[in-house]
Each structure stands twice: as structure tokens, then as C-alpha cells.
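> Each chain, letter by letter, is given below.
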Amino acid sequence: MYLTASFVSLEPSALSPFRQLLLTRIRTFLREPSAVFWVYAFPLVMVFSLGTAFRNEQVEQIAVDIQQVEHADSVMRSLADSRRFRIYVGSDQDTSRRLRIGRTELIVQVAPESPAEMNYIYDPTRPGSLLARNAVDDVLQRAAGREDVLTTVNTEVSQPGSRYIDFLVPGLIGMGLMGGGMWGVGFATVDLRIRKLLKRFLATPMKRTHFLSAMITSRLVFTIPEVLIILLFSKWFFGVQVQGNWFVLCLLILGGAIQFSGIGLLVASRASTMETVSGLMNAVMMPMWIASGIFFSADRFPDYVQPVIQLLPLTTLINALRLVMLEGAGLPQIAGSLAVIVSWGVLTFLLALKLFRWQ
Amino acid sequence: MPAISVSGLTKTYPGKPPVEAVRGIDLEVRRGECFGVLGPNGAGKTTTIEILEGLMEPSDGSVEILGRRWSDQGDEIRQRIGISLQETQLADKLSVLETVTLFRSFYRSGMTPEEAIRRVGLENKSDAWIKNLSGGQKQRVAVATAIVGQPELLFMDEPTTGLDPGSRRDLWNILTNFKENGGTVLLTTHYMDEAERLCDRVAIVDHGRVLAVDSPRNLISNLQGEHVIEFRIEGDEIAAAEFESLGGVAAVRKEDDCLCLSVAKPHVVIPQLLNHLDSLNLTLAGLTTRQASLEDVFVNLTGRHLEDDEESSLN
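The listed protein sequences derive, respectively, from chains A and B.
Using this note's numbering, read the first sequence as starting at 1 and increasing by one per residue.
Using this note's numbering, read the second sequence as starting at 360 and increasing by one per residue.
A couple of the hints might just be wrong.
[What the hints assert, rightly or not] To be clear about the criterion: a stretch of chain B counts as covered by chain A if any three or more of its residues have a C-beta under 8 Å from a C-beta of chain A, and this derived list gives those stretches:
1. 401 to 414
2. 431 to 438
3. 441 to 447
4. 451 to 463
These are calculated hints, taken from the structure and not from any lab test.
From the three backbone atoms N, C-alpha and C, an ideal C-beta is built for every residue, glycine too.
Next up, chain A with everything else stripped away, as it sits in the complex (with noise of 0.2 Å):
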């Protein structure tokens, strides 16, 4: 048969529908920048802002009040010659508001006959009062003459792997692969929709399946980088570790992407606007982002909510990301949570298959 240059077919890999799919949505994401901006520069805003606003600092100075009495003074010189806090002197009417909205931690009320008696004057089921009760009693005793019967040496730890940073990190990675599972998949299937773009590839001999993966595989090619930015930064930055195997962390990133890339698919496989995707992200999302532990932990939450939070796939993910990142978790350690991880993700694919509106 006769073929001119023009109608050759051309090189199969080149052209392979997977192919062209998955270059197309890289391509469309690339050129994106507000797109770009929310799921690579935005986690780095988040590490950044909340590392530096919880970073760990030596204890800041008390707040104590001394009543204005007659023998304050010498109170006031011992505590003052410490440094340790910080001072105000009023009177019982003054330092009892300061108290009651928290101004300050203590009041200090020497008794007005007998210089040698002091009233502590605190809520004990506040820590800081607490601390500050003892930090005041121990300056004021031993200005008084008392004299320490033991010999002890402080030996102050803040090693990276207890820090907040530390705990942080691989919470903000989970909630960046969760965000950029379910808009990157989600916003970018409606996008189509709403361009009659499904429908007309429906029209042509176009594979379902191969749309429907190359969607899902373009998650996976952004969020490597993605992580990887987090991880060196907060590296660079903050001297955040990971403890476990970076084989095992790499893993769990994929696993999660999936997850989140096919409940994103789902969310997205009937709505026909910009703004009922949105709802219905954002109620998929909103639990996660306050139960699922990204910023503190989940168990903080009471016991009879546990079961349900534990059900989330973001918390599945976080917790795993934390035994491999904090305490050097195993693959056998995590394995469950991996299949779980991943099952959320082919499950909710195969479902999204099924209900796929593609006009």
C-alpha cells in the first residue's frame, strides 16, 4: 500500500494515548502558576510561619505581682536580683483583676505583721502558676537563708525528633498530599467537564481507563517534588530528621497520593460545576484538616470520637508518616497502614470509574 511521508504512522510511543494524556495534564498543570503556587510554595509557607512561631525557646520570664505592703520591698529586691521574672507591684484590688484575667501568673502577699510569712495567691490548676509559685517560693526561701542539701546538675535537652517542628512536618505532608490529591484531580476533571472536553474525547476512540489513570499517575509525578521541597526545607531550615528509611517515607508519599488522588476523582466524577466540586471537597476535607492530628495530635480528641477519627484516611496516612519519620518505623510496622493507604485509593478509583459523568 502505497503511503505518503505525511500518513506514515507514527513512532507507537510517541503517540500512545497514556502517553499524550499524562504530558497534557503536566503541561496544563506547569502552566498554571496559581495552581503551582497553592501545591509547591504554599506547604513551604506553612513549615516555614509555624516552625518559627513554635520554635522551642527557653522558659520567658514569669509574670508575679507582690501586693503593695509594707515590707514588700526586700521581696521585691530577691526576686528582682534573679531575673527570672517579671514584676509588678499594685495593689490587692489591682493584682487580684491582673490574676483573674491572666495578666499574671502569681501574686506574692506579705503578711503585714511579720515580714518572715508569705500567701501564695494562685489557681494551682494553672501549669504556669504552678511553676511560678515554686520558681518564687525557691528564690524567696533560699534569699531567706536556706541551704540546698543535695548537689544537682541540670543537664537541658532539645534535640531534633521532639521538637514541634519534628511533629509537624509529616502532618503538613499528609495535609499536601491530601489538598493536592483532591483540587489537583478534582478541580482539573470538572475543568474538563465544564469545557465539554470529556465530551468530546468520549467521542473519539480514546481508552476511558487511560484518561482516568493518566490523571491519576500525573498526582504521583507532582507530588515527588512536592514532598521532596518540604522534606529539604524543613531539613535546611529547621534540622528536621527522618528517622526511618527514606525507601519506606517514599512509599507511603505514593500510597498516599493515590489515596487522595482517587477519593479527589471520586468527589469530582458527577459534579458539573466549579462550585459544587468545591462544596464537596471542602466537607470531604474539613474534617480531616481539624481531627486527622496535622497540627496536634489526634488523641487529643475524647475517646468516644476516636473510632471515627481513625477511619479518616488522613489520619492513617499522618500516623504512618510519623512512625517512619519520628520514631524509625519499619515497612512491617507500617505495612497495615500502607494496604489500608492504598486501598482507599483503588477502592474509591473503581467507584469513580462507575460513576464517571463524562457529559
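Once you have looked at the hints, place chain B on chain A.
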């Protein structure tokens, strides 16, 4: 074997009350012809073409595309047809070449993306993003994505709606070229000039039914008056009946303040008309003659204009 054969096609959209978009259509489109489905908005054109394209299930009736049925040979049909939907918006931030290459990848065989782009005359826009193209250029990209799989049959749903006259002519040339290379085209349109210019045969549809199928020339000559005399009278309005008895007048209809006479031989009728006006003591305010068009065919069949509800066509 015809390119398309349709019989007893109906489509009813569920609802209260149900909407009968297509109420029994029979069509046969021959290989190598350009077939037009001409009708006003809401006539059921898009529903019909989307059923033929396999995007929608008919409520009843049978459809064969290139001798195959959608139910068991859908993939084979899709490999052999090209489609341009009404209102597809291609991705803004892909280049022309990237877009056409994507579509090419869906087909087993076909032309190179570059060749498809050349055929729609966008070689020098190959690397431009879709969002930087004009409406006419975007529509040409849509046609390139439809022809890149080297289809035997091309479906075009309202291909020139909203385009400027120059872009419309460009698109007509592309479709004419496709047909000259042996392809079959089915297009829907509500522009009678498009149907007259492009189509070998036209089906005139209204309210989900086919009113007539023939070549534009035959449809017009079947009016028994290929010419139209339009005239106005100064002062009072006059009754159409006054002129029905004139020799050589096939039909009279009133349009705004004009009377339109369908005639075969204007040079015979006009002197009689002038005499008749004289005898009635009426003064002519204006008189024109023109060739009858598909518009007149449509008016003759339905009593309405093709574009009653919107701006008139560009001719």
C-alpha cells in the same frame, strides 16, 4: 452501503412534560456527499447529530454508521469518524500542535498532527496557545482535531455559529477540501447560505421532523417559482389575495409591509403587476427581485423564518 442510515429515530427527554426532541427521522447520507441538516434553533438538530455520533442513546429507531451499529461496534465507528461539537472549549494553555497531537494519539492511524494543522491553514500558529487564537482559528483547531484521525465521515455541529464572514469562508473551504478528498460530511446549521453553499443535499427539519430532503437546487425549484418579487405600496395596506390571480404567480405571502410573489419568470410577471397596480390606482414605493433561497423553502414549508428568534444571517 450508505455512510449513514437512520430510520424511525426518536428521542424523548424525560421530564414533566417530557420533551420530544426528535419525533421520527429517516435519513440516508451517501458516501462522499456533504449532507446538511438545516433547521431553526430547537429543531432537534443537535440531538440528532449526537445520537449519530454515539454520544446519546436514541429512545427508538435504528442507526447505522458506515455499515456498523453503535451497540456492538462502537470502537470501530469511533476510529472512522471525526467530530466537532458545538461549544467545545479546548484547553487554553496548550499549543495548537500539542492539542492536535493529543487527539491524534487516540486513533490507530491517521495523518501527522502537522499535516492536519496544515490542512486547516494554521501552520504558523502551531506553537501558539489556544487562548491566544481568534474564534475562527479555534474552530479550525477543532476541525484539525476532527480530521487528524483521517476519518471517512466528519460530523460538524453548527461549525460556523458566531464566526465572522471571513472565518466562515475559511471553514467552508476546509470542509470542501475534505469532501474533495473523498470524505463524507454531515453538518447541522441554521444558516441557509451555509447549507446552499456547502451541501449536496439538505434535510430541512423542524420540531424534530424532517420536512424535506433534496439538493438545495431542487428544493428551490420545487417552489414553482425560483424567483421572488418583493414590492411595497405607498399608503394603505393591500390584501395578498389581490395578486394571486395574476398569471405566472405561484404563491403570495405578506412580510411586514411587503408582498412577496413567487414566480418562475419575473420578466413576464412584472409588466402585468405594474398594470394591475395602475388599474387599482396604487403607487409603487419599491420593488426588488431576487433568486429564491432555502429560506423561502423553509418559509414555504413552515410559514416561519429560520431565524425568527435571533439576528438574521450574515448574507
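> Can you confirm whether chain A covers the segment 431 to 438 of chain B, using C-beta to C-beta distances below 8 Å and requiring at least three such residues?
Our answer is that it holds, as 3 residues pass the Cβ test (under 8 Å) against chain A, meeting three.
> For the segment 401 to 414 of chain B, does the count of residues with a C-beta closer than 8 Å to a C-beta of chain A reach 3?
holds (count 3)
> Examine the segment 451 to 463 of chain B for residues whose CB is less than 8 Å from any CB of chain A, and state whether their number is three or more.
Since 7 is at least three, the answer is holds.
> Counting residues of the segment 441 to 447 of chain B that have a beta-carbon nearer than 8 Å to any beta-carbon of chain A, does the count reach 3?
holds (count 4)
No hint from the list above goes unmet by this structure.
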